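Could you put together the complete structure from these sequences and hints?
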Amino acid sequence: MREVAVIGIGCTEFGERWETSFRNLFVEAGVKAIEDAGLTGDKIDEMFVGNMSAGRFIDQEHVGALIADYAGLATNHIPSTRVEAACASGGLSFRQAVTTVASGMQDIVVAAGVEKMTDAGSSLSTDALAGAADREWEGFIGATFPGLYAMIANDYIHKYGLTREQLAQVAVKNHYNGARNPIAQFRKEITLDTVMNSTMVADPLRLFDCSPITDGAAAVILCPLERAHEFTDTPIKVLASTQASDTISIQDRRDISTLDATIAAGNRAFKQARVERKDIDLVEVHDCFTIAEICAIEDLGFCKKGEAGRLTAEGYTALNGTLPVNTSGGLKACGHPVGATGIKQVCEITEQLRGDAGKRQIDGAKIGMTHNVGGTGATVVCNILEVC
Amino acid sequence: MVGIITYGACIPRYRIKVEEIAAIWGDNADDISKGLGVHEKSVPDMDEDTITISVEAARAALARRSVDTDTLGAIYVGSESHPYAVKPSACTVGEAIGATPVMTAADYEFACKAGTAAVQTCMALVKSEMITTGMAIGADVAQGAPGDALEYTAAAGGAAFVIGNKDTIADINYTCSFTTDTPDFWRREGQAYPRHGGRFTGDPGYFKHVKGAAEMMLKHQGTEPSDYDYAVFHQPNAKFPSRVAHMLGFTKEQIKPGLVVPRLGNTYSGASLVGLAATLDIAKPGDRIFVTSFGSGAGSDAFDITVTDTIESDLFNRSAAPTVEELLADPIYLNYAQYAKHKGKIVMQS
Chain A
1 MREVAVIGIG
11 CTEFGERWET
21 SFRNLFVEAG
31 VKAIEDAGLT
41 GDKIDEMFVG
51 NMSAGRFIDQ
61 EHVGALIADY
71 AGLATNHIPS
81 TRVEAACASG
91 GLSFRQAVTT
101 VASGMQDIVV
111 AAGVEKMTDA
121 GSSLSTDALA
131 GAADREWEGF
141 IGATFPGLYA
151 MIANDYIHKY
161 GLTREQLAQV
171 AVKNHYNGAR
181 NPIAQFRKEI
191 TLDTVMNSTM
201 VADPLRLFDC
211 SPITDGAAAV
221 ILCPLERAHE
231 FTDTPIKVLA
241 STQASDTISI
251 QDRRDISTLD
261 ATIAAGNRAF
271 KQARVERKDI
281 DLVEVHDCFT
291 IAEICAIEDL
301 GFCKKGEAGR
311 LTAEGYTALN
321 GTLPVNTSGG
331 LKACGHPVGA
341 TGIKQVCEIT
351 EQLRGDAGKR
361 QIDGAKIGMT
371 HNVGGTGATV
381 VCNILEVC
Chain B
1 MVGIITYGAC
11 IPRYRIKVEE
21 IAAIWGDNAD
31 DISKGLGVHE
41 KSVPDMDEDT
51 ITISVEAARA
61 ALARRSVDTD
71 TLGAIYVGSE
81 SHPYAVKPSA
91 CTVGEAIGAT
101 PVMTAADYEF
111 ACKAGTAAVQ
121 TCMALVKSEM
131 ITTGMAIGAD
141 VAQGAPGDAL
151 EYTAAAGGAA
161 FVIGNKDTIA
171 DINYTCSFTT
181 DTPDFWRREG
191 QAYPRHGGRF
201 TGDPGYFKHV
211 KGAAEMMLKH
221 QGTEPSDYDY
231 AVFHQPNAKF
241 PSRVAHMLGF
251 TKEQIKPGLV
261 VPRLGNTYSG
271 ASLVGLAATL
281 DIAKPGDRIF
291 VTSFGSGAGS
301 DAFDITVTDT
311 IESDLFNRSA
321 APTVEELLAD
331 PIYLNYAQYA
341 KHKGKIVMQS
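Read top to bottom, the protein sequences are chains A and B.
Heads up, the final residue of the first sequence is numbered 388 in our numbering, and it's a clean run with no missing numbers.
Heads up, the final residue of the second sequence is numbered 350 in our numbering, and it's a clean run with no missing numbers.
Keep in mind that the hints were calculated from the coordinates and are not lab data.
Source: prediction; values computed, not measured.
Below are the EDC-like pairs computed for lysine to aspartate or glutamate, each with C-alpha atoms no more than 16 angstroms apart in a straight line:
no. : chain 1 : residue 1 : chain 2 : residue 2
1   : B       : 208       : A       : 19
2   : B       : 17        : B       : 30
3   : B       : 208       : A       : 16
This is the structure we're talking about:
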């Protein structure tokens, strides 16, 4: 297998992009990534795009062909494939692209993610997102995603005594980071009181415990590491790209508040990358709800089960902490265009490792990790990236 | 100069509080009330509809000033809730106030700004000397589906304005409009309740168009917000008009008299005109009023109005009809079951 490098990244601004269509979001991110890599479109060998539910959100399927067409590559007839794993669609797209380059099948491959969510009303988006759960055993009996993660949170609180303040601190920290990210949907710091007094969504999760509905796209360009310096002076090496599955419904899990797929994908990633937890300088985790970040930090092995809440409250995961988590603002503050999130995480780590992250830069960052979850943990993708 | 000859408003006496509706749907009343800035809304009586409200508002206008209805050459009624899909509300109003048959009439629909579109049409007909005076009405018994966010605000009420060019109580110095094809809120033929694009109704809908028309008028008139004594904006809730006023540079004091939505709710086509009526209720000669309506779909009409001495002359008797403040006072509160009955939400056996 060949070693793989990220040579270009591009993210749109995340948010309510009323004036921008699905295809234009993708083109905006793609053009930025191509320009960043100093490429021309005719050099691209293959494309993957992560997208959860364009069929529900905007009645558009056949997304692979659509993006190739609007990228101006339809007449080059390159392979272009949509991949879907709910909110992990972006992570999966990246892993497919890494595998394609590593195997020697292709040299220059685009991994993208895009979601246009705000064209749909809130009941349709809630239902479309609920499609990431088990429709027969969870959706049909009324479980929504806030509801399922509330069950995870309640189980976690019961077992480990997480406090309301500790949970709220995840949102406060991520908004602090988001306020320093020019593409973030919410560039505004918030207080603990704001989180704790916000509207109840699904007990114990309040409005500010939940990631928003977002429009956005992100794209990265990969090539064999041996060719990376043809395009950039700052290639970022992909040390690991792993994926794991679990039961789709939480009722069938060994432990409701532990994401075994995170443990599996994380362990595989550290093994593949040949690095230790202590080597990781920063991590982008899947904080679709505040409780998800708490679980992710623990299930990736950065601390013991039950400790992440205290560590968060102590500032361990803050921008100036020992292990900065979600420097982009995470899904909570940067926004969560579901298909694009996994790619945005790679963009954030790449910016940090290049030293281009501005006000949220982690000084001297050498190795970063991403963690992207589909559903309540039925699919997890982890990536580890390193400065060359 | 073309302007307002007289005006009148009508608000049904019944109200329902936000907490009464929230209790039915399991919502948090405080959050909703705080979020919308609306505490209660008006509810029509069993036999009140857009036509009866229009007639009441028209009669209130005529009570304040003697207008020869034979010279009333046009009546336009703007509403989203005309009782008939085919059969004009305006004809019934014309008949009820004795203005028929030598007049033209039509019903208007442009979501919540059909009433101000009617004002513009009357202005044009007066200016072109096709008519001597014309009546523009904005009225609604607004629809909001049970359980929908609109149910907390969809109210009933309206206002009538007679437009002419002789002895006006307020001159309309200028009007302009800002219109695009923006599907933020709609109701298809045969549907009982409107649908809306949630948060899409905000920035790309209300704010883009209200700001668009308002800024266009300020530029044309060479005026600043501080040149106006009062400002009235379309008020689907209290948050939107307060925010757009702040964005444009108007103060809370300027919008206060015309911001009736916290106690009235959103009277759709009536909303900005009832706000204007409430402002005229307390205005003095020389006061300048800035008005911008909004109708989903979407568009805004802006008006630059100056109150004249006539408002305090013998030609006009403001106290001959109830003020908006008086119409809002002394309500009768309904519970949700009574409200459902009033709004025809209970399906009766025929």
